[in-house]
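Undergrad: Same order as they appear, the protein sequences are chains S, V, B, Y, A, E, C, L, H and X. In case it helps, the UniProt record's numbering puts the first sequence at residues 1 to 147. In case it helps, the UniProt record's numbering puts the second sequence at residues 1 to 147. In case it helps, the UniProt record's numbering puts the third sequence at residues 1 to 147. In case it helps, the UniProt record's numbering puts the fourth sequence at residues 1 to 147. In case it helps, the UniProt record's numbering puts the fifth sequence at residues 1 to 147. In case it helps, the UniProt record's numbering puts the sixth sequence at residues 1 to 147. In case it helps, the UniProt record's numbering puts the seventh sequence at residues 1 to 147. In case it helps, the UniProt record's numbering puts the eighth sequence at residues 1 to 147. In case it helps, the UniProt record's numbering puts the ninth sequence at residues 1 to 147. In case it helps, the UniProt record's numbering puts the tenth sequence at residues 1 to 147.
Keep in mind that the hints are not guaranteed to be accurate.
[What the hints assert, rightly or not] 30 Å max Cα-Cα, derived DSS-like pairs, lysine-lysine:
hint, chain 1, residue 1, chain 2, residue 2
1, S, K55, L, K9
2, Y, K27, E, K14
3, C, K55, X, K65
4, C, K14, X, K145
5, A, K123, A, K145
Read the hints as simulated data drawn from the structure, not as lab findings.
There are 10 protein chains.
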Amino acid sequence: MSRIAVTEKIVTTKVSKGLKWEDVAKKVGQSKEWTTALCLGQMTATPAQAKVLGKIFGLSAEEQKWLQVVPYKGSLPTSVPTDPLIYRFYELVSVYGTTFKELIHEEFGDGIMSAIDFKMDMKRQADPNGDRVNIVMSGKFLPYKQY
Amino acid sequence: MSRIAVTEKIVTTKVSKGLKWEDVAKKVGQSKEWTTALCLGQMTATPAQAKVLGKIFGLSAEEQKWLQVVPYKGSLPTSVPTDPLIYRFYELVSVYGTTFKELIHEEFGDGIMSAIDFKMDMKRQADPNGDRVNIVMSGKFLPYKQY
Amino acid sequence: MSRIAVTEKIVTTKVSKGLKWEDVAKKVGQSKEWTTALCLGQMTATPAQAKVLGKIFGLSAEEQKWLQVVPYKGSLPTSVPTDPLIYRFYELVSVYGTTFKELIHEEFGDGIMSAIDFKMDMKRQADPNGDRVNIVMSGKFLPYKQY
Amino acid sequence: MSRIAVTEKIVTTKVSKGLKWEDVAKKVGQSKEWTTALCLGQMTATPAQAKVLGKIFGLSAEEQKWLQVVPYKGSLPTSVPTDPLIYRFYELVSVYGTTFKELIHEEFGDGIMSAIDFKMDMKRQADPNGDRVNIVMSGKFLPYKQY
Amino acid sequence: MSRIAVTEKIVTTKVSKGLKWEDVAKKVGQSKEWTTALCLGQMTATPAQAKVLGKIFGLSAEEQKWLQVVPYKGSLPTSVPTDPLIYRFYELVSVYGTTFKELIHEEFGDGIMSAIDFKMDMKRQADPNGDRVNIVMSGKFLPYKQY
Amino acid sequence: MSRIAVTEKIVTTKVSKGLKWEDVAKKVGQSKEWTTALCLGQMTATPAQAKVLGKIFGLSAEEQKWLQVVPYKGSLPTSVPTDPLIYRFYELVSVYGTTFKELIHEEFGDGIMSAIDFKMDMKRQADPNGDRVNIVMSGKFLPYKQY
Amino acid sequence: MSRIAVTEKIVTTKVSKGLKWEDVAKKVGQSKEWTTALCLGQMTATPAQAKVLGKIFGLSAEEQKWLQVVPYKGSLPTSVPTDPLIYRFYELVSVYGTTFKELIHEEFGDGIMSAIDFKMDMKRQADPNGDRVNIVMSGKFLPYKQY
Amino acid sequence: MSRIAVTEKIVTTKVSKGLKWEDVAKKVGQSKEWTTALCLGQMTATPAQAKVLGKIFGLSAEEQKWLQVVPYKGSLPTSVPTDPLIYRFYELVSVYGTTFKELIHEEFGDGIMSAIDFKMDMKRQADPNGDRVNIVMSGKFLPYKQY
Amino acid sequence: MSRIAVTEKIVTTKVSKGLKWEDVAKKVGQSKEWTTALCLGQMTATPAQAKVLGKIFGLSAEEQKWLQVVPYKGSLPTSVPTDPLIYRFYELVSVYGTTFKELIHEEFGDGIMSAIDFKMDMKRQADPNGDRVNIVMSGKFLPYKQY
Amino acid sequence: MSRIAVTEKIVTTKVSKGLKWEDVAKKVGQSKEWTTALCLGQMTATPAQAKVLGKIFGLSAEEQKWLQVVPYKGSLPTSVPTDPLIYRFYELVSVYGTTFKELIHEEFGDGIMSAIDFKMDMKRQADPNGDRVNIVMSGKFLPYKQY
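Using the sequences plus the hints, can you model the full thing?
TA: Listed below in structure tokens is the structure:
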């Protein structure tokens, strides 16, 4: 058994039961973004969270333990994603990568935006020309230090 | 001559004159995000914008013309970026890619967030535990249609 | 279970029953292009369409549910396709890619042809020198906007 | 000197003179699709065509000779294109590749659509929901023969 | 079931029964080159040929149907083959690729040698310094046309 | 200076003087296949051959010396060639690679066809359905020996 | 001009003057590890540090400005380094990567060792069996947070 | 059976029993770094160590034998690791690779730090600004010799 | 069944029985180098050798037949090997590749050292500073011929 | 200036003067293998050796200094070499890689053959069936140690 097997069971159960990530997140008591990433094998659960997920998805005690093991992260099968939705995010990195770099350095100096001390919120933004996806990212700035 | 040569001239002039992207953007009359991407060879200028940039960066008439030519986009030298700041964005796509996918589909159905009808705002978010980088992305949802 | 398993079952059943995509499409009530892409795991079915496909290919209720889940898209095993028929399309992108770019920008300005708000029609074109494959593609032009 | 140098000269001259591919094509007497591909270093000119292009772009006799040499084809710097417009065509191959294959084989049997005995026509298609790019491709079907 | 499974069954049966491709080809009534490629999952059989192969390799009716389905072609596990015998052919393309190009263009103009309307004959060539492999390839020349 | 520079000079001179490989080969006294490969930087000349080529292409004494140095071989810029003519040869290796392997082993046992003790002859084959490219390859069989 | 040009000038001057990184670092007033990384184009200088380096390496005012611009980081020409000394470090990541992961998670929980809030000290460790390279790395642990 | 199967069994058992690498290491009598690498399939056990591990993880006699077979090393599924914790180590090699090289050569001359005659110690370093990961590496310097 | 399955059975049996390649080779009557390569799926056995191996490793008649089939060669899972022992050989090719080339051409002219008509002997070389691995390779020189 | 420029000058001078590596090596006082690798930019010279090479190849004082700087090693432009002579060595690693591994471990236990404490001797081996290339490699065995 492995974390991947648990992820597959969660995904399969979600389809057969017709669950929604948003509802799962409410029961877990965290945001839908973090909770979905947890269920897809990218984050680590507390024992209590694992128990909640165990109830929702019918996971055994051992499967719940795997949710508490830090996973080998990275959710994509290829380094350049083929799925059109995910590719658009990759394209943003490709087209705007140097822009991100210039503007963050201009504001903060040398360093990075943390992808660890990080949170994100995704929601629908009503628009008469067609609704929009709105994503707010917030990551701590970490300065390179001299030593 | 090519757009790449113009980009290099802009970047070099910016360093020697000690300019800031934010100030360049104000003169161009657009956001700092779009303007920086334009200067880095990813977007296309109107004749008026090219003239403004021409004044700021000392560009010839022909160099200004190149700013009005749609560039071959993609700002990174490798498909997986080596620069730590840019890599963190790639890592977000890698770790959260399937989460983006699940949540957008849950909210909107099959389709994508456009990276073309897209805008972005990046700013400093004061925080007692260390300031944060705050990025708001807004992209039109485009549904796959049946035919 | 996963969408891939459903795709394999569809393909296997098609071979053993000797079905034609065109006939499947008529029953589904959509074009043969979109319907084939759906059956090959690239598009998403409505419940009614899933039911029709379920009858044709003998799919269980759960398998029909998978047809309604947005799939991870990309139908090729390698980034440069090895199959000669598919490679010819890749070659068109390689040889004519910059031509596509120049002419669409010349006509429309900076932007792209959508691969999402897109449809396609493929048919036989009789020709005394050997019949031809005729493909008509139609994708919405999406302009890059300044912000 | 090489064909690449001639291509660069043509592209640079086009920008500085503000020419349009469509007008170039009319003078050459061929379609805008083929003529653009020729100018971008993918096709081979006759002596008469080279002369016409020589006049338009100010090419020397030797540069005109290079236009008559069959070029090493392939117009993209990476096997997966980074430019968003060109990538959408790559994505069509990725998402619809197996669909192309199934439908052409269903209609014609084993073989390919030629990318050599091939022509293409791209035009604007007016649409109240936003104009569309319309592309008609026509390639001879070439059957695999048994021997 | 899939074509790959049928290929594996054919290969396994050939080993256990000690068959020769040349004898298989005689029964199929085609050349040993085409017949071997068919058995290795690269070509498409007629119903009659599938029946003959079914008898030789003990294939079920469904397995015979798979032989009549156009396969996803490409017989190698890596883009640069590791097997020394196959690599030598890759090396010929690498070392002589530009020579092939120059000489075919010199003789025929711009175009290609078809790999579809193609046949091949491989035989032993006796030689006092060690016998040689003799391969005769014949592919239709396909000219690029202007349009 | 390097062999690559000499190759470029030869190719450039050939275009400007309008020479043919076949005529060059006759003066060198070898086949057009080997001579073209030599001129394209893949083979090694004798002093006499270098002198002949020096006269034809206007090469200095030092450039002639470079023709006598064994070059770093491999004539293609990418491991999978993008040029359509050369790609077809790659495709033959991909589609027929395992067939080559099976038939050569069936006839000769374990070993390879040498790509070193190798020669090749390419010619036009008249055909009412369109002329064909005819290539005859002959390579010494080299058996793997046990030790 | 670019940062890469400044790096090359520094490296060339270091060779011609026979300087040592350790001495450069003393004048800069930082560790030899950080200072070397700065000189090799991976870190960002303060104006005062740039001035010191300017004196040592004979850099112009503009070159000193480039030292203060955050560079595009990543010092290796290939994703798997070919240089034997650097490869050994890559090999440590390859062989011990999962061990690093297990032990840091066992001690700290889910998170990473920062490569930004990081310092390093490298020194000679005398040893009768042959002196050893001793490297002490210290990176802040950054926990993944739930949100 | 293979070493990989044994590794998977060890990892699975560790999760289900809730074991710690540090405790396993104490029983084996070696450091936690080496012991974890051994358990993850990168090092080779003595018969006595295999017996100890066999008791801890419930391994059969044959599974214990596999622990004594030198494994095919390399613990990562991709050449650039996707897991954020492991990637940071890769990033250190990328950013500091040339610095490692310069400083080791400055101190020792031409040669490498051995990754074989190597040991490592990883521990928590308390810090008021957030605890740190402290890693001490020690590898024998191996000089290139002239011959 | 396939050759790979036979290789796995041989390797597994070797571990469980505690056999040595050197002893296997003596029974086969060939060198330990060739025999090990045979057992690892890289060489082809005679019927008599297959019988001997069948007895040693408990192989069925069909498994023995597979040993007599020429295998698809190449023993490594990645093009750049991750295993440290094997990587060192790759590193020798990387560092000394051009040296091999220069010296063999200096001695023999244009051509190669055959990897087919090749043999190798590996043995321990006692040395007071630590024993050494001694490898003697002998490959027939094959000259490129003009034609 | 860089080491690469010095290497190119050495190679160019060698061709124009018609020198032999073997004679260069004699003057340097080291083996032809090590000396050639030095001249090709893979090894590091002492001041005295640099002076000798400076005289032979007409190198300036600064160029001689570069010969004393440890180079970034790896002599091949691609990770899988295209040159047939060098590829044969790569092929040996590919075909015999696991054999090297098994036999060295069988004789020495876990560890590697050093590619640093390494020497090599290449010579012609007369043979009535065609002369052979004989290479003797000797590398210190380095055992993995437990800690």
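Undergrad: Each hint should be assessed against the structure and marked as holding or not.
TA: Hints, one by one, checked against the model:
no.: 1; hint: K55(S) x K9(L); verdict: 26 Å, holds
no.: 2; hint: K27(Y) x K14(E); verdict: 29 Å, holds
no.: 3; hint: K55(C) x K65(X); verdict: 22 Å, holds
no.: 4; hint: K14(C) x K145(X); verdict: 38 Å, violated
no.: 5; hint: K123(A) x K145(A); verdict: 36 Å, violated
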